[in-house]
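Read top to bottom, the protein sequences are chains A and B.
Numbering of the first sequence is given in this note's numbering, commencing with residue 1 and proceeding in unit increments.
Numbering of the second sequence is given in this note's numbering, commencing with residue 1 and proceeding in unit increments.
Everything labelled a hint here was simulated from the structure, so no lab data went into it.
Where hints are given, some of them may not hold.
With a straight-line Cα cutoff of 20 Å, these simulated DMTMM-like cross-link-like pairs (lysine to aspartate or glutamate) come out [to be verified]: (1) A:Lys597 x B:Asp719; (2) A:Lys475 x A:Glu487; (3) B:Lys712 x A:Glu706; (4) B:Lys707 x A:Glu706.
Everything numeric in this text was worked out from a predicted model, so none of it was measured.
Protein chains: 2
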Amino acid sequence: MTSSSSVTLSQALLARAISHHGSNSTSDRVSLSSALSLPTFSGLKSTSSSASSASSKAPRVPRRRLGAARPVRAAAVETLDKTTETSLVEKSVNTIRFLAIDAVEKANSGHPGLPMGCAPMGHILYDEIMRYNPKNPYWFNRDRFVLSAGHGCMLQYALLHLAGYDSVKEEDLKSFRQWGSKTPGHPENFETPGVEVTTGPLGQGIANAVGLALAEKHLAARYNKPDSEIVDHYTYCILGDGCQMEGISNEVASLAGHWGLGKLIAFYDDNHISIDGDTEIAFTESVDTRFEGLGWHIIWVKNGNTGYDEIRAAIKEAKAVTDKPTLIKVTTTIGFGSPNKANSYSVHGAALGAKEVDATRQNLGWPYEPFHVPEDVKSHWSRHTAEGSALEAEWNAKFAEYEKKYAEEAAELKSIITGELPAGWEKALPTYTPEVPADATRNLSQANLNALAKVLPGLVGGSADLASSNMTLMKMFGDFQKGTPEERNIRFGVREHGMGAICNGIALHSPGFIPYCATFFVFTDYMRAAIRISALAEARVIYVMTHDSIGLGEDGPTHQPIEHLASFRAMPNILMLRPADGNETAGSYKVAVDNKKRPSILALSRQKLPNLAGTSIEGVEKGGYIVSDNSTGNKPDVILIGTGSELEIAYKAGEELRKEGKAVRVVSFVSWELFDEQSDAYKESVLPTAVTARVSIEAGSTFGWEKIIGSKGKAIGIDRFGASAPAPTIYKEYGLTVEAVVAAAKEVS
Amino acid sequence: MTSSSSVTLSQALLARAISHHGSNSTSDRVSLSSALSLPTFSGLKSTSSSASSASSKAPRVPRRRLGAARPVRAAAVETLDKTTETSLVEKSVNTIRFLAIDAVEKANSGHPGLPMGCAPMGHILYDEIMRYNPKNPYWFNRDRFVLSAGHGCMLQYALLHLAGYDSVKEEDLKSFRQWGSKTPGHPENFETPGVEVTTGPLGQGIANAVGLALAEKHLAARYNKPDSEIVDHYTYCILGDGCQMEGISNEVASLAGHWGLGKLIAFYDDNHISIDGDTEIAFTESVDTRFEGLGWHIIWVKNGNTGYDEIRAAIKEAKAVTDKPTLIKVTTTIGFGSPNKANSYSVHGAALGAKEVDATRQNLGWPYEPFHVPEDVKSHWSRHTAEGSALEAEWNAKFAEYEKKYAEEAAELKSIITGELPAGWEKALPTYTPEVPADATRNLSQANLNALAKVLPGLVGGSADLASSNMTLMKMFGDFQKGTPEERNIRFGVREHGMGAICNGIALHSPGFIPYCATFFVFTDYMRAAIRISALAEARVIYVMTHDSIGLGEDGPTHQPIEHLASFRAMPNILMLRPADGNETAGSYKVAVDNKKRPSILALSRQKLPNLAGTSIEGVEKGGYIVSDNSTGNKPDVILIGTGSELEIAYKAGEELRKEGKAVRVVSFVSWELFDEQSDAYKESVLPTAVTARVSIEAGSTFGWEKIIGSKGKAIGIDRFGASAPAPTIYKEYGLTVEAVVAAAKEVS
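Chain A on its own, in the form it takes in the complex (with noise of 0.2 Å):
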């Protein structure tokens, strides 16, 4: 039973591999299928009550040659007879569009426009195309998908739910947007297995779905052998002129093109409809042409809305193109199906109203009860389970043997599969003595970045075109290139916000990736909305930000940041982290690597800084710590706080006060979250609350300090624009200097 499902998978792949050969139309299809009366449908279903028990025994589809035109997979539709073929089509596509409009008319709330247009291209992606298994959602080898135009969520709930994946049962369709429910209002991979990345804020997911892209192709380069293609999958997505008209899109865009990134297949929602009504209004432009000079392939489908054989035919073609993205256009109506609201702003985003559901069940020909599937439309789609099963199983034997022959690569992509860090990788990372010279903490990170190159297969990284200021290029590696997509820098170009979010892309891609990427702190303007889908998303990016303050000089307020500390610091679920020297930076690496769950953002120095004397990384982990006290009884006169570049000047303003005999504590506050979350008692050992003697020092915004200092504390920082001028004559003037601090000290105590 389970090897004539095996045998079924592998003749159809074979079947599809000969098809392909020198065709890129798709009139061989009928012909192929019958000439080689492949098994029916019906036999593949019967096998997947224990296909996946049987998973070790299937046998390997035949080897396919690296850079040669890859086989399309055989979709099992093309062994039914064609009539009962659209028709059954039809059917699941209308199963898929009233799934949505019946989610969101329960919960009047939500976009029934984009399910009910692109239910069509979804379902032949989710039953024809795409090669995951519902039953393993994480499943290393699968076909990634991303609706970019995540407002249309419920047409990947619905394809989730068809194709039988256990996050997305009926009870969840019907508690769409409710509280606690796994089918929230935007697609959120934190709350729905199946769902890759976190989308909703428009663009954000054609920027992810480079990122998996990029990921595989490097993956690919890195790990596949002659005779074993190990990583072997295509990222698709589907993006609206919302999309389209984000700057990060283009950013993106431009960069797959660059990159080549062929297995990226990109659907763009050509509906013509935004919320303010007919896109003529503000988006006129030739998106075609536009992709043209970004370097991709593109490919035009007239009928969206039912030319299925226009939507299959385009993805072979866009398969059969290596060397590019492919931009599929289609066509569609927004809210097809609808006679009164189809192709208007009204369908996008509000519920139909029960007179206009009921007009598009007459319409449409709908006979049945709200989020009713159709029994011939169950049996059609429940063949996934079996054989998603059967592709991991497959996958996995080929991994077997793949472990055999390449030890040692099976053991780093085994690493960046399941996210298990080598044994001992913090050894790896650099300590400091006060007598090694003073450097700035770019430099360290630099260091930091190289030592940990060695040890993290998954270490990838770059900068957005200031790779010589941020300092992050790993020595031993090239550039990640359309020609070398097996090395590990990137070079993203000045696109920060397309950068952070093709990092999301990679970090969500297998949760052993660590992405990095680096700018000026203050562009993280620019990538902010990025870095925010980072920390909901619970994506592991580095943010190596470096110029982090004043102490740039010269280039003057535009590059100086201010209000960036205090801003992220109010952000949930990133670290926001300053270290002030050799070891805080380590200590910042070994934080930002250990928590797998949120992003790190690391605010460097251009500027260089002394090795102090206290630090350590172990402090960095409880955020706050005491680097020089010369008190006794948990009981200093005063506390002084700094952070990063302004450590230093605490630290000499504590010598200062010493020698008149005060009894100072000078602590580093290197990460507020970390050292919120330490429990009540260190806290207490750090900062008593006897102590209100308090001053903080940090050249950004005194915005929130009040917190750490208290009412009676006082805060030395920045709380207007910089200026252009040479770092230290900024610092004098704007007051950040040992003797502020010793004055504010006495002042307080």
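Assemble the complex: chain A is given as a structure, and chain B must be docked to it using the hints.
Just chain B, lined up with the frame of chain A:
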């Protein structure tokens, strides 16, 4: 004497007007100037001392027909002998190069590469093409120039210096990038008259330029008359590869194409070098093809280093295309003239070094001392003072006539030009009593916008494809579109970042413009870099940000702002306003309009809010104020503080507590910045030091609230991401309730 100057000018204009008809080529230029025997350049020069005093006498130029091809100003250079001309141009270009080289060298900091490559186009623009008055950089009808590649600011400083702007004297060039200088590290409009906008963060400048060009097109359509083209100027911009890579530049280029901004002429400095090296490593798209898709006219100047006539011809062609913006791709050599560093990233952002400066002097045959402007170059440029004064005088005379004929339009336009608001404008603001039914502040905002539209001629704006959600349409006006540029509703499409930066351009075009723009509050993340520039550049933009909390409900955490209030409270020179009801919304608009040198953000609710007794416009102006109180002697038992939609909760909690006999003060804290600016006495009257029992409630991060509530207070807020569910459910689950406030009040008091 003065009349000879004016005649010279008008003759030249006339000659050019004739020469332009029926010709796009440059070949007729020489023959025309000789045929008409125009006065030589020295004639112009001799008039410089008194031209400005005779301004009102300047004869008017021939009338231009609206819509017809515009006559191009005759460049004085045309009257020179061809051989002299080119050598003098070259000398002037090299002067620009060496002023940049010398200033960067002296500062040992800066970017010499761009000025060295772009000096030819810079020279032609400022010496031959642009109309401006160096002695009045704010003359309304000047051509605007934006250096989007702001790091190359020494180009602009050198040009302003040569052109005779008082803001950039020799000593200013010598104090480039020093404390207190007028020549900061990037162009800053608030430091250097003659600089239109603040650039440096890449892509912002081209977006500002689109805003400036939009402003011109709008005012021209609104105020020009068949017999008086009172608004008529061009916007020029230089942008580099870095700007081109940024998503924002694609957003605004798409809009500029859509709007058909024919008087926007952008020079793309195509030098193939960015900081990380050759642009080949990250930027291989076809910019030409992309811009073609975006609806631009494209011209390629292949030799931007010495091809002066090519550049001139390109500008002429660009001006002849009146229905599309033009991109002139100018291929240049970064660091042109430096024998060892030209065409390499090393010349981008660092001083050449003494040795290479010497080599460059040798190479370009430059025998002069640092900062020297040769006499003939100086003398050549000196005419711009007279010419500029004459231009302004001519325009003033024209405006005087316009005013006589079109008093109403002239008054409006004058208000936009001067920034003086019509007296009593604020009387248009609506006020509310508790009897007025509850409404969402986004709706109340629309009422304000529609009321103000009638009294503020400079109010223009719109939304990023969310007009019907943000409620931002001015109902009495149509859409600003290619064919209806006189209208005042702007449709930005889903391009938040571009929207903000375009509004900066509009605001900085003329002080009476009051641009507003809108999206969901959470998507300020997409446009934060532009918002920060509003604050830094003192651009009065009103950010209408609706859906300001978890109160938006089902759309979920990707759409629910949490940290955003805190993140803007920490930003310098911006007002973060969160009104609670009708009066506070009106007060927020009052404040936003009144603050001419800082932008405002209005955080507005999706959900309905009651009109509370005690709220007022005057209260909002103080930032924080008492809305209800039953205490005496400034000694309440507890102070409850709320903002926006949570003021209602604090209000109700106050009523509950009073029922139990407590003396409760309820304070609205609509703007922290405004409260900070009040007197200590006022602050004490609202938040008496002695009363430490304070509870705050706000549907956002509690970060920063310690400043208001003190160490003993309690902040109720949200320090995690939101959730997808109906809003009342989330409020309850997140503990933002009257009960929670009552409990907290009992705990702290």
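Hints the structure violates: just list their numbers, smallest first.
none
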